[in-house]
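These protein sequence lines map, in sequence, to chains R and Y. Sequential numbering from -5 applies to the first sequence in our numbering. Sequential numbering from 701 applies to the second sequence in our numbering.
In case anyone wonders, no lab produced these hints; they're calculated from the structure. Just so it is clear, the structure is predicted and the values come from calculations on it, not from any experiment.
The calculated DSS-like cross-link candidates involving lysine-lysine, where the alpha carbons are at most 30 Å apart (straight line), are:
no., chain 1, residue 1, chain 2, residue 2
1, R, K70, Y, K876
2, R, K385, R, K5
3, Y, K823, R, K70
4, Y, K719, R, K70
5, Y, K823, Y, K876
6, Y, K771, Y, K827
7, Y, K860, Y, K827
8, Y, K771, Y, K876
9, Y, K823, Y, K771
Interface residues of chain R toward chain Y, partial, derived using beta-carbon atoms under 8 Å:
no., residue
10, L108
11, E122
12, I142
Ideal Cβ placement from N, Cα and C applies to all residues, glycine included.
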Amino acid sequence: MERRVSESHRKFLSEESRMWVEEGLISEDARTGILARYVQARRLPEIVPLLGLSMIGLGVLSFIAANWRYIPALLKVTLIVCSYLGCVTGAYFLERRGRRGAADMLLFLSGFLLLGGLALISQAFHIEGSPSGLLGTWLLVFAPTFLIVRNISIYILYEVVSIVYMNMRYMERDVFPFLGREDVYLLLGPAAPVVLLIVLVGTGWWICLDERGMGSAGGESKLKSFFIGGPARRIFLSNFMILNWFTWMCVINSRHDSILPFVLGVLVIGILTITAGKFLDAFDLDWQGLLLLAAAGITLSFPFAWSSERWYRSGSDKEFLAATLMSSIALGSYLVYRIIRRYRGSGFTTFLFCALLARWYFGMFFTFMSRSMFFISGGVILLLITFASRKWSRLAAQKTGGDGNDPPI
Amino acid sequence: MTPQFNLLALTFLRNTRAKYAAVALLPLLALLYTPIANYSILFFGQRVLLETLPVDPTDFLRGDYVLLDYKIEDVDDFVNQDEWDADYDRQGRESYVSLALDAGGVASVTAVSDERPSGLYIKGRVKERWSDSFICDYGLGVYYIPEGTGRELEEAIGDKRVLADVRILRGRGVIKNLEVRADQK
Chain R
-5 MERRVSESHR KFLSEESRMW VEEGLISEDA RTGILARYVQ ARRLPEIVPL
45 LGLSMIGLGV LSFIAANWRY IPALLKVTLI VCSYLGCVTG AYFLERRGRR
95 GAADMLLFLS GFLLLGGLAL ISQAFHIEGS PSGLLGTWLL VFAPTFLIVR
145 NISIYILYEV VSIVYMNMRY MERDVFPFLG REDVYLLLGP AAPVVLLIVL
195 VGTGWWICLD ERGMGSAGGE SKLKSFFIGG PARRIFLSNF MILNWFTWMC
245 VINSRHDSIL PFVLGVLVIG ILTITAGKFL DAFDLDWQGL LLLAAAGITL
295 SFPFAWSSER WYRSGSDKEF LAATLMSSIA LGSYLVYRII RRYRGSGFTT
345 FLFCALLARW YFGMFFTFMS RSMFFISGGV ILLLITFASR KWSRLAAQKT
395 GGDGNDPPI
Chain Y
701 MTPQFNLLAL TFLRNTRAKY AAVALLPLLA LLYTPIANYS ILFFGQRVLL
751 ETLPVDPTDF LRGDYVLLDY KIEDVDDFVN QDEWDADYDR QGRESYVSLA
801 LDAGGVASVT AVSDERPSGL YIKGRVKERW SDSFICDYGL GVYYIPEGTG
851 RELEEAIGDK RVLADVRILR GRGVIKNLEV RADQK
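Using the sequences provided together with the hints, build the complete structure.
Structure representation (C-alpha cells):
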C-alpha cells in the first residue's frame, strides 16, 4: 500500500534508510521496499486542480450573479445565508469527528461563499458600493476565521484578497462605503493597508506557533524560523515582495517609476536574506527564488503596462479589471516561484509555459466572453492540464520503471 | 507571547463550539445587515419616482448593470458656490437634499443642507464635478439586470423616459424598479 508524504519527509527517510543499510540494520532490498511504500506527493497537480476548482466555483457564482434578477430577493438571501451556515456547520461536525483537514477545506469554501454572498446581496438591492468596500468588508468579517483556523489555504486566500483590496484602495478615487455606513468607512479607510500588512505578518507568526501546518514547532527557534529559515520565512518574504511592488506601483502611477522601487525592494530584501542567511541559516538561501520572482513579476507586468497608456487611470470601470489583473500577476508570480523551487531542473520551461498560458488566456478571452464562461473554461483548462500531467508522468514512469513521481530536489 | 497566553489560546482553539461560534458570528451579522436594512426601507419607505438622465447614451449600459444618472443629482442651483469653494473639506461629506413631489410622484430638489430637514429628504454626498458645477451622489447609480439583456433593454428604452421607482426611509434610498414611460424625454 502506497502512502503519499511530503518531499522533505521522503528525503529524510531516504537518507536515514541509507544509514540503516550501512549500519547493517536492514538490507538494500528492505530499504527499496520501504521507500516504495512512501511516495512523494506532487505539488503541481495539487495546486493546479485547486485553482481550477476555484475558477469553476467563481464561474458558477458569476453565472448565478448574472441571472440573479430571476430569483426572488428573499430566496436569494435565504440561499446565501443557508449555504454559508451549511458550510460552517459541516466543518464543525467534521472537526468533531476528527477530520480537521476536511473541516478546514469547508471553511475555505465558506470564505468564497461569504465573499460571493456579500456581493450578491448588495446586487439584489442595487447597492452602488465600491468593489474595494466589498473586499474590505469581507476581510473584516472573515478575519476571525483567518485568525482562528490557521490553515495555509485560508491564509493564502486572505492574502490574495488583501492584495486585491490594497490595489483597489489606492486606485479608487471616489470611495463609497460598501455598507453605506460612516463607521465601516473609517474601519476600511486609508489606514487599512497598513493594518492589513501588520495582520498578515502577525498571523504568519501566529500560524508558526502551531505544530501542524507550515510552521516550526520548536520553542526557541520559532522566531528564527519565521524571520530567517523555513517555509514561513518564504511566505513572509513573498508577501513583502508582492506588497512592496504593488503598493509602489499604485502610489506612483507610472510604469517606469514603479519598476525602480520594485527592483530596489528586491535588492534590499535579497541582501537582507543573504546576509542573515549567511550567519544563521547558510544552507537555506532563497535568493535564487527571489530573483526569479522579480524577473517573473517584471516580465509579466510589461504586456499590461504597455498595452494602453495609463490603463489603470482610464476610468472607474477599469479599476476592478486592473486590480484583478495585477493581483493575478502577483499570484501567478508567487505560484511560479513555488513551482520553480519544486521543479528546479525545468524551472524556466515551467515559467515560460505558465506566463504564455496566462497571457494568452487573458488576452484571448477576457474581453468578449461572459465572466462565468471565462472562469469555467479557465478552470476546465487547468483540470485538463492536471489530468494530462498525471497521465504523462504515469506513462513516463512505465517507460523508466519508476513510480511516476519526480525525483527529490 | 507568554506561555500563559499560548495556553489560553490553545484552550480556546480546542473548544470546537466556541471556535465555530467566533468564526460564524461576524459573517452572519454582515450577511443579515444589508437585507434587514434594505427590506425595512422597501416596506416602510416612501415611494418616490426619480427621473433618470442618461448622460452618454452610447455608454448607458455597461456589462450587467445599468448606470443611472438622476436629474436630482444636479444641485447647482441649491449650493452656494463661493461657500463650498472656500471649504473644500466639506465636499464628499454627507448632505441632506430636500425633495418635493409633483402630481405624478416625480421628485425634484428644493434645498440642500448640512442639517437634517423635516419632510421628505434623501442623504447624499455633494462634490464639485468640474469648476462651477456641483452634483450630489446618492449611491443609487447602478441597477443590475440579467446577463445578456442589456442590449434588449437599451432598445426598449430608445428615446423614452426612464423613471427609477425608489423607496426612501430616513434619507436612505433603495431602487425598487425601473419604469419605462411611453412619453418621450
